[in-house]
Amino acid sequence: MYCDAHLHLVDLDQHDPGFAYRALSYDWRGAVVSHDPEEFLQSEALRVKLPFTIAGFGIHPQEPDMQHAEFLSMLCAQRKIDFIGEAGFDFFGDKPLRSRSAEAMQLQLEAFLFQVKLADHARLPLVIHIRKATDVIMANGRELRRLPSIIFHCWPGRLEEAQMILKKGINAYFSFGTPLLRDSRHAIESLKSLPVSRILSETDAPWQPPHGAEYTSINHIVDVVEKMASVLNMNQEELKHKLALNFTDAYLIEGPK
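To convert, take the position in the sequence shown, counting from 1, and add 77; that gives the numbering used here.
Derived from the structure by calculation, the hints contain no laboratory data.
No experiment lies behind these values; they were computed from the predicted model shown.
No residue lacks a Cβ here, since even glycine has one placed at the ideal position from N, Cα and C.
Misleading hints may appear alongside valid ones.
[Claimed, not checked] Listed below are the simulated DSSO-like cross-link pairs for lysine-lysine, each with C-alpha atoms no more than 27 Å apart in a straight line:
| id | residue 1 | residue 2 |
| --- | --- | --- |
| 1 | Lys157 | Lys194 |
| 2 | Lys245 | Lys319 |
| 3 | Lys244 | Lys157 |
[Stated by the list, open to error] Computed beta-carbon distance windows for the label pairs:
| id | residue 1 | residue 2 | range |
| --- | --- | --- | --- |
| 4 | Ala122 | Met215 | 20 to 26 Å |
| 5 | Ala216 | Glu180 | 14 to 20 Å |
| 6 | Ser150 | Arg219 | 19 to 25 Å |
| 7 | Ala216 | Ala100 | 44 to 50 Å |
| 8 | His318 | Lys269 | 16 to 22 Å |
| 9 | Ser274 | Glu220 | 43 to 49 Å |
| 10 | Ala154 | Glu220 | 18 to 24 Å |
| 11 | His318 | Lys172 | 39 to 45 Å |
| 12 | Ser102 | His198 | 38 to 44 Å |
| 13 | Phe169 | Gly246 | 24 to 30 Å |
| 14 | Met78 | Glu121 | 37 to 43 Å |
Can you make the complete structure from the sequences, with help from the hints?
What follows is the structure, encoded as structure tokens:
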């Protein structure tokens, strides 16, 4: 079984219309994210066409306003989502909200801490997106230790940073995707040395396409897992089984049948 720890169904359907109606040639599970009410409803309609999926909703750090906070709270209260996210911090690029100015930090921190508290109250996993902000995550380690689990989507940091997060007692998992296919040095270094029990596979489809691809497809999970097995010098079937167990542990769901 292949497990995709992070993908965007509505965005993927815009790049590859009808993908959800095409049968997959392998067993598959996926964790689907949404960031506004309309996207969530569209994503739910696509989910029913696919094999087993779980759903999440979050206030993305690239648009850290609180207009959908009430909707997110309602989804948690009614148990309509399986995790919160993606939440986090993004200080990559030259846009005003990514400049790491006092205003950008305040807006992103408010959205992040709201979601941390909600995840704690609802006892839901939290998916975190970070770019150039590992230090901010460290500064909030006490709050993160309270959460049942945390998934660092497309882990961008260094091995030492991942190890420090685990040493803080945070129940963290580190997800790896298409940067591995581009031979990202930090991703390969982290993957090689982190405990196998703490790693996940993802595509972030349709985003972060591999070299030569217009977008990341749902099928790129096969390439990602193959690359992970090569980096780890591990039997691919054994790795797939381990990744499936990690997926269920990270997202607090029942294991594969």
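Query - Structure versus earlier hints, numbers of those that do not hold, lowest first - result: Going through the list in order, the structure violates hints 3, 4, 9 and 14 and respects the others.
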